[in-house]
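Asker: Based on the hints, put chain B in the right spot on chain A.
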Amino acid sequence: MPERTTSEERVDQRVRALLADVPPMTEQSFVEGRQRVLAGAAEGARPVAARPLAGRRGAARWLALAAGVVVLAAGAVVGVSALGPDHQPTASAATVLNRAAALAITVEDPVVNPGQYHYTKTHQWALGVEAAKDRNGRAFQYLSETVSEVWRPTTWTDQWLARSTTTGRRQWIEGSEEEARAAGVPLDDAKTTENRAPCGDFIPELGTTGPCQLVQGSWNYPTPEFMAGLPRDPRQLHDRIKSYVDGQKDLRGGVITVVSRMLSAGWTPKDLRAALYRVLADLPDIQIMEHKANLDGRTGVAFSAGDTGSTRWEIIIDPDTGRFIGEREVATSDWEDVRAGTLWTSSSVVTGVADGMGQPPRG
Amino acid sequence: MHIDSAVAAQRGSPEMDRLDGPDDLAALYDRHARPLHAYLAGRVGAQVADDLVAEAFLVLWEQRARFDPERASLRAWLYGVATNLLRNHARAEVRRLRAWTRHGAAEAYDVVSTRAADRTDAGALSARLAAAIAGLRAEERDVLLLVAWADLTPAEIAEVRGVSPATVRTRLHRARTRLRSVTPDVDPDTDAHELRMLRPGQRRQEGHGHA
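Line by line, the protein sequences give chains A and B. First residue of the first sequence: 100, per the numbering used here; consecutive thereafter. First residue of the second sequence: 57, per the numbering used here; consecutive thereafter.
Derived by calculation from the structure, the hints in this document are not laboratory data. It is possible that some hints are incorrect.
Claimed, not checked - In silico SDA-like pairs for lysine to any residue, Cα to Cα no more than 20 Å straight-line:
| # | chain 1 | residue 1 | chain 2 | residue 2 |
| --- | --- | --- | --- | --- |
| 1 | A | 341 | A | 311 |
| 2 | A | 232 | B | 236 |
| 3 | A | 232 | A | 285 |
| 4 | A | 369 | A | 209 |
| 5 | A | 232 | B | 233 |
| 6 | A | 290 | B | 236 |
| 7 | A | 369 | A | 391 |
| 8 | A | 290 | A | 109 |
| 9 | A | 391 | A | 191 |
| 10 | A | 341 | A | 330 |
| 11 | A | 369 | A | 232 |
| 12 | A | 220 | A | 296 |
| 13 | A | 290 | B | 234 |
| 14 | A | 290 | B | 233 |
| 15 | A | 391 | A | 380 |
| 16 | A | 232 | B | 234 |
| 17 | A | 232 | B | 237 |
| 18 | A | 290 | B | 237 |
| 19 | A | 220 | A | 458 |
| 20 | A | 290 | B | 125 |
| 21 | A | 369 | A | 452 |
| 22 | A | 232 | A | 109 |
| 23 | A | 369 | A | 434 |
| 24 | A | 290 | B | 211 |
| 25 | A | 369 | A | 331 |
| 26 | A | 220 | A | 264 |
| 27 | A | 290 | A | 325 |
| 28 | A | 290 | B | 209 |
| 29 | A | 220 | A | 210 |
| 30 | A | 220 | A | 395 |
| 31 | A | 341 | A | 331 |
| 32 | A | 232 | A | 434 |
| 33 | A | 369 | A | 264 |
Just chain B, same shape as in the assembly:
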């Protein structure tokens, strides 16, 4: 619930557009640290994320005169900074995504799984998806995750990454189509539900005679 509610909270209230003093910085941190941490932890793990969150806020503060709120929100600049900081951890990110493939996400994050039973079909899907994300070009991965995990728009990403909106949209389109092959076009909930509803005999029939 943490990420969805945090993102929803960010969406619900107006963006902060001032970073004049320490109070603004504290308010910005209180508001964005947790979702930013989730974005970073998803990419490079919680431990590195702890450091990068603090660093991203400090870079934003230190160079605040250069972030034009007319061009993009402070939140967008913050994620732009954080995404750039990730560049030093690109290899760790790919390793992590691949580990997800082998052991499932929970192990990749050093968390003891208490709901392994729930992670059967969904777990296999996550593993394939994580592997596909690891295989994306770095710039495509950045755009995809800034949209899906940080809720930025292509226009905002264009501003904070210094590329044209058309290029951002193209990268996003490329990323999504590359991932589409591992995310079959059926609704995930319906899919799982229907599988559970099927009787064993029906499943065997679907398997074309394989045991």
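One chain only, chain A, in its complex shape:
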């Protein structure tokens, strides 16, 4: 580990010092809490009623865990992309999206029989920015690769499998592998972890919800049941998303991020996918950022709408098949040593049908 800089230590010290003003746990709270814990453990009782998770943290946990970062990430492929919209004189964003919607509806959803699995593979590159500086006096920056695979059974409450791989591959934006190692930057080695859990509740820290408490789903946790209940009329669907977005203070990027989340789940039915494309087409500020955006070897059109102030979300769709390719988040302003135009995250999503848990999909 490199030694932390003095200013980092200072920030931590001052944050730590804030706790000095926090009153300590009272003896009564300590004793009562102890009794509650031991009694609760003896009874096997749940302490608090289930409540839905609020905010982004709960977002698509099966993806989050597996990809390491995906939906929650603040956090990119290939260095610096084109900053502004692509002004190639071609069809408008709305026209391309409406066409993609028309195509999407013609592609049959895969049939997954009992005993088979919905397979989703998310390939992500995410920006890492280290505190340590390289020889140019800039923070080391690199994109690191993760691959997550999820096998989802036909019955939601059966056992799922998530296989998450940090490949150890990096694309350097600032500094180099050798330089970073010499500077003591703690780079992640290749590693694969597997998790099994019902309902895709892979992260065992679900507190108030517990496993399988959210089968009915939510925007953060788009189960098939939840998706089935959404309107297919683009206007109605837009209004539903908008009212959710307006109630979320912590949600960055607005409607497009919610649409992206729905599409990234990997099992969005074709009529919903088409409706989501039409919702995007109707956004007043929808625009094409890049006509030939390459995500993990697949090329599509990158659309964006709105800006979080520091980043913007892009959705990449294959205009010839209506297939959702993936999403990315791009810096729109400089932050420290990260230049505007740098990709913070990029995720491409592939789906399929697998005959067994842990097996690759057919075809």
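Answerer: Same frame as chain A, but now just chain B:
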């Protein structure tokens, strides 16, 4: 003294890695309840913290089969659970941090301050810092406070939050740089000391003629 000594005590002795029976649970509670309470009270206030401490231990117990001690210590899993429980109180947390800004920490915690006089410069700094923490993205705030208040490492946080270590380090770096603007690069003790040592005339000079 409560938090520093509690954290120091945790650091000093080996981590518990078993949660097989009620005795282990009791021992884990005795050891970690107070520092966990401080972490939670700092974020959402003592009253909510009372409930969340008990709940975090119960979740850890109930789902103990799923917490792999090979991947992270029980203590790290405990803070992971607690941090997730906080999600339902995110708004309360931001309100509290902002209240700190307006009235100082003591009032925000419903405690009558007996040392208001001591909280002049330091109090103003705390207020700016609390406001800046309130303004962080939730995921950046989680990482920063898990490091500064719970003494977890980025690698441990990565395990218990289900994200990559590089992402944790990046969030931490972002949080720290955002806070750096409100924590001037001078040592706090030296700073206060030097200010006290200055004669009034010198201070006025520093103020460029303003009264």
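Asker: Of all the hints given earlier, name the ones this structure violates by number, lowest first.
Answerer: 1, 6, 7, 8, 11, 13, 14, 18, 23, 27 and 33
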